[in-house]
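A.B. asks: Sequence:
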Amino acid sequence: MIVNQADLKSGNELAFQAMNTNFFVSISNSLMMNWKDHIINWFEYVEKEWSRFQGDNELSLLNDTKIGETLVLSPPLFDILVKSDDYHQKTRGFFSPYLMEQIQLHGYDRSFPFEKAETKERTGFQSDANQPTPFEFNKAELSVTRVAKGKVDLGGIGKGYAVESAANWLQRFADATYGIVDGGGDISVWSNGEKDWEIGIADPYDQNKEIKQINLKNGSVATSNIVYRSWKQGNEMKHHILNGRTGLPVDTGIVQATVVTSNCLDAEVCAKLCFMENGPALEKLLSDINSNYKAVLIQRDGNLIIT
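Counting in this note's numbering, the sequence shown tops out at residue 307, every number present.
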């Protein structure tokens with residue numbers, strides 16, 4: 001996505017890289033002199049502890065648990081895991097945070113970018129929709145007990161959670177009147193009404209080209225596409241958006257989906273769902289997550305579908 005650069009030249013600004021993404025933060029004001037340190041530390045924490053590419057973090061401890069074992073989690077990881085599982089249930093398995101082994105089998109076993117991946121032996125995918133949730137959650141103790149197989153890959157929803165948490169923190173503790181947290185495909189904005197953020201939707205084939213603009217005072221925007229994170233595995237083209245019911249890359253005529261809702265997590269999940277259904281079935285899926293949404297879909301031929 002493209003944020004109007006005029007918006008980034010006013011007030012307090014911060015630009016940094018984390019989670020293989022360029023982040024931008026712009027706020028009207030702050031009651032805290034060191035707000036930038038807090039924001040950077042938060043994203044560095046998420047990058048370290050939630051990355052599936054690191055073997056010495058909290059996510060790896062979770063994924064290494066055996067059936068019957070219980071693990072106490074940090075409040076942020078427990079919170080995002082519970083929320084992700086709720087979306088898993090609401091979407092009847094279309095969205096799943098339990099696809100780490102599947103995405104690795106398709107060749108996404110290292111940090112992007114890369115163009116080719118080795119072909120791996122495929123033992124067959126079982127429908128995830130009929131599989132039990134791998135964990136039982138104890139909200140009083142912030143603990144999980146593994147009850148079935150399944151490894152967690154937070155991916156996009158983890159980044160969306162990080163963006164939304166940062167925006168909420170800036171409003172609550174820095175007391176910023178208006179602001180934006182832009183994490184590439186995930187954006188959260190707020191305003192007391194005096195600020196109207198201009199957010200451009202980028203062409204999936206040319207990130208410097210804007211194809212549509214969204215004006216937003218309060219809310220969140222999430223964009224997913226199958227162009228950037230795509231690679232060749234053997235003779236097959238693969239991408240990173242998997243259908244949670246099959247464990248396979250979605251086969252669709254949509255190349256990019258942008259969804260606007262009230263919060264980042266709903267927007268992130270809804271953007272993924274846009275690749276998995278269409279027509280009334282898609283509208284039902286999205287409405288079950290958030291009835292107040294707007295979606296901009298781009299087809300392979302460049303046509304736009306706006307709902």
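By construction, these hints were calculated from the structure, which means they are not laboratory data. There's no promise every hint is true.
[What the hints assert, rightly or not] With beta-carbon atoms standing in for the labels, derived distance ranges:
id, residue 1, residue 2, range
1, Ser111, Ile67, 35 to 41 Å
2, Ile306, Gly234, 33 to 39 Å
3, Glu121, Gln54, 21 to 27 Å
4, Gln54, Lys212, 15 to 21 Å
5, Asn168, Ile305, 29 to 35 Å
6, Ile306, Asp64, 42 to 48 Å
7, Glu236, Pro75, 36 to 42 Å
8, Tyr205, Lys90, 30 to 36 Å
Backbone N, C-alpha and C define an ideal beta-carbon position, used for all residues, glycine too.
A.B. asks: Confirm or reject each hint.
C.D. replies: These are the hints, each one checked on the structure:
no., hint, result
1, Ser111 with Ile67: 35 to 41 Å, "30 Å, violated"
2, Ile306 with Gly234: 33 to 39 Å, "37 Å, holds"
3, Glu121 with Gln54: 21 to 27 Å, "25 Å, holds"
4, Gln54 with Lys212: 15 to 21 Å, "37 Å, violated"
5, Asn168 with Ile305: 29 to 35 Å, "31 Å, holds"
6, Ile306 with Asp64: 42 to 48 Å, "44 Å, holds"
7, Glu236 with Pro75: 36 to 42 Å, "41 Å, holds"
8, Tyr205 with Lys90: 30 to 36 Å, "32 Å, holds"
When the structure is compared with the earlier hints, violations turn up for hints 1, 4 and for no others.
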